[in-house]
Amino acid sequence: MIPFGLRKTTVALLAAAAVLAGAGTGRAGEYPERLVRIIVPFGAGGGVDALARAVAQELTTALGQSVIVENRGGAGGNVGIAAVARSEPDGYTLLVTSNAVVTNPALYNPAPFDPIKDLAPVTELGTTPDLIVVPAASPLKDLAQVVRESKEKPGKFTYGSGARGASPHLMVERLQKAAGIRMVHVPYSGAGPNIQALLANTTDMSTSSYSSVKGQVDAGLIRPLFHAGPARLPDLPNVPTLKELGYDIVSETFIAMFAPAGTDTKIVERLSKAVLAALEKPSVRDAIEKTGVVITASGPEALRERVVREVPIWAETVAETGLRQP
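Numbering follows my numbering, in which position 263 of the sequence shown is assigned residue number 274; successive positions increment by one, without gaps.
Calculated from the structure, these hints are not laboratory results. Since no wrong hints were added, every one of them can be taken at face value.
Restraint-style ranges between C-beta atoms, simulated for each label pair: (1) Q207 x T71: 23 to 33 Å; (2) E41 x A189: 49 to 59 Å; (3) T169 x A288: 36 to 46 Å.
It should be emphasised that the depicted structure is a prediction, and the values quoted were computed from it without experimental measurement. Where is the CB? At the ideal position from N, CA and C, for every residue including glycine.
Between the sequences and the hints, there should be enough to build the whole structure, so can you do that?
As structure tokens, then:
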């Protein structure tokens, strides 16, 4: 027979456990109860930032709480991504990032986060091809000219990027290896400074995601020589892909939302459903597609599969180009 005192203690503990379990479920069910932050690990004004702000506006309505965007750049995205990875897994700190989340673990030794262990996928938002652009008045007309003149004089051309080791930079490194040429890389701290340097003729060309430079392309300030997407873009019908030009290279920047690992699955599901519903709205789709992003809108499991698939691919690319930082 269980002593009466012990029986009382056992009942009390079971009751407390039940209350805690109910409280946990209640927290997920009542989420959100306060402001939600989306951290963008890059400066304001780029394609990732624009998409994050469009999503934040829709989530504010869908969730009934303010959702704000905080730009926390640095170290090619590591600062902001790591900040989210270390945050409380309560759904109040989220991440909208590019595929720096899968490239940086290969680039930095060690990286301050593990995308598979430290982050919970919420949804992929979209993709945008990587490209090379030149000033509108540049004498460079096409990739063939760049390759020809680079072979005649290695190091003749400079090219800027918004971050060392981001997928646009890695795309150019792969291209140089395939074409047997060498250009001088000039990394900048974000898409804005990268394009400003190009417009000031500080660099000969720039590599970027299409969404980060679409405004300047539309304004006629810069023009693409090619892009590395899988097929020609409706926006750029006269711009060839690298595959068309004879290079077996496809390079896109994907943009996705994550939460800290350990976030309640009910919160992740609610966020994912709210984002996917927003992306179905014609007004939202039109606004996003005007930024040069192709909406993909996949859920948590599809995003998880992409991350698991791409981490080793980028590790191989970084190893081939010798870009891993000590």
